[in-house]
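Protein sequences appear in the order of chains A and B.
39 is the number of the first residue of the first sequence in this note's numbering; add one for each residue after it.
1348 is the number of the first residue of the second sequence in this note's numbering; add one for each residue after it.
There's no promise every hint is true.
As the list claims (entries may be wrong) - Covered, in the sense of this in silico footprint (three residues per stretch, anywhere, with C-beta under 8 Å from a C-beta of chain A), are these stretches of chain B:
| no. | stretch |
| --- | --- |
| 1 | 1380-1386 |
| 2 | 1401-1411 |
| 3 | 1442-1452 |
| 4 | 1476-1490 |
Quick caveat, the hints were computed from the structure, so don't treat them as lab data.
A virtual CB, placed ideally from N, CA and C, is assigned to each residue, including glycine.
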Amino acid sequence: MRGPQSQPQPPGQSGPAGADAPQSPRVPARLVACPDCDLLHKLTPHEPATLLCSRCGAVLHRHKPDSVARSLALTLTALILFVLSNSFPFLAIKSGGLVQETTLLTGIRELWKQELQGLSCLVLFTCVLVPLVQMIGLLYILAPLQWGRRPALHAARVFRLVQEVAPWGMMEVFMIGILVALVKLGHMATIVPGVSVFSFGVLIFVMAGAYSSLDAPLLWDRLDLRR
Amino acid sequence: MNVRPSTARQLGLVNCHDCHLLVDADQARTHARCPRCGARLHLRKPNSLARTWALVWAAIVLIVPANVLPITVTITLGAKQADTIMSGVIYFMQTGSWEIAVVIFVASIFVPFAKLSILIFLLLSVRFRSAWRPKDRTTLYRLTELVGRWSMVDIYVVTILVALVKLGAVAAIEAGPAAVYFAAVVVLTMFAAESFDPRLMWDVVEEDV
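Construct the complete structure from the given sequences, taking the supplied hints into account.
Structural data, given as structure tokens:
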């Protein structure tokens, strides 16, 4: 704990940082416990292979090359696509002389007006707020690491938040919802998919990429400010 | 691994739920927060079984109105038609879009019921200190955690339809009461899966050996 070795990692260095820093007096370095069954494993740093728990099969470590740069690039892309997706209508419906267009946000407002406040909040939370928190949070953590600065203020806490809200970001599920609605309404009226459908479609893949190129153990090491 | 495998608990270590730092259990007692990420430290998720049971029971109660009451009400030229989740699936099958019917059936009917059954099975297996295939049970748990979010599809379809179809007297779609119940089921089962601690299954196996 109080050892002088656990300084934050010098910036710009790749590989599992702080690998030799003791975690606590009685804990040998690089020992990890399986999150699903609690079995202890010894982790060799710079291991290029994927390490599975020998008892329950959970993924303990997966090698991710260029993790910080890749996640950062994908998160920036995602943020741009997110702004596009929310600026344009995702569906327009034509029936008789009437044309009805909906963006994600006007849809949420419409639900609220129809006395469905609960559902309106749920959609706002899972499709707008959570993804926004994820993206801004990741930028906040990754940018200083990428450009060789010290980790941002409270970065560890932000990373914790980003990981905790992740299961509630459901943009990809919403995308499937759009497709189903498209088919369903196709029987009733003419449906025109908007710009937003396409940017949304790309966004979910970019976002999945950003998350899967994230090397959480490496980030935790680099965000570790204990001394 | 050439040494006899042991768990973090046996060595008196606490695995941080959020950043997976191993912390000395004595230190964890005095600090109660992870020195690296600030999360609360627990040897196991607190009151895991009681919380999961409570959430599962609440979901079981709500899944009934979610499936019996109408989820959408379609008004076309003055004629009202109420649809439940299942009648929506049947409608898609009859109109020939059976792919969509499968998606809705799996996401809205199969997954919630399967998820609840699996959680109940896992809870009972810990309750009766079962030693049956802990590895497979852990895989089942990971599956429920992974798949739960996809049940939200129907909620999104309803919200899109409601927001989009309001063509005055010609056609309008309103959300039925089941939409709220169903959304509650999805959220509750997600919380239930999150509050269950799979390590309890392994603890029981180790203690009984």
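Each hint tested on the structure:
Note: the stretch 1380-1386 of chain B has 5 residues with beta-carbon separation from chain A under 8 Å; the three-residue rule is met and the coverage holds. For the stretch 1401-1411 of chain B, the proposed coverage by chain A is not satisfied: 0 residues have a C-beta within less than 8 Å of a C-beta in that chain, short of the threshold of three. Only when three residues or more bring their CB closer than 8 Å to a CB of chain A does the claim for the stretch 1442-1452 of chain B stand; here the count is 5, and the claim holds. Taking a C-beta to C-beta cut-off of 8 Å, the stretch 1476-1490 of chain B contributes 6 residues in contact with chain A, enough for the three needed, and the coverage statement holds.
In the structure shown, a violation is registered for the earlier hint numbered 2 alone.
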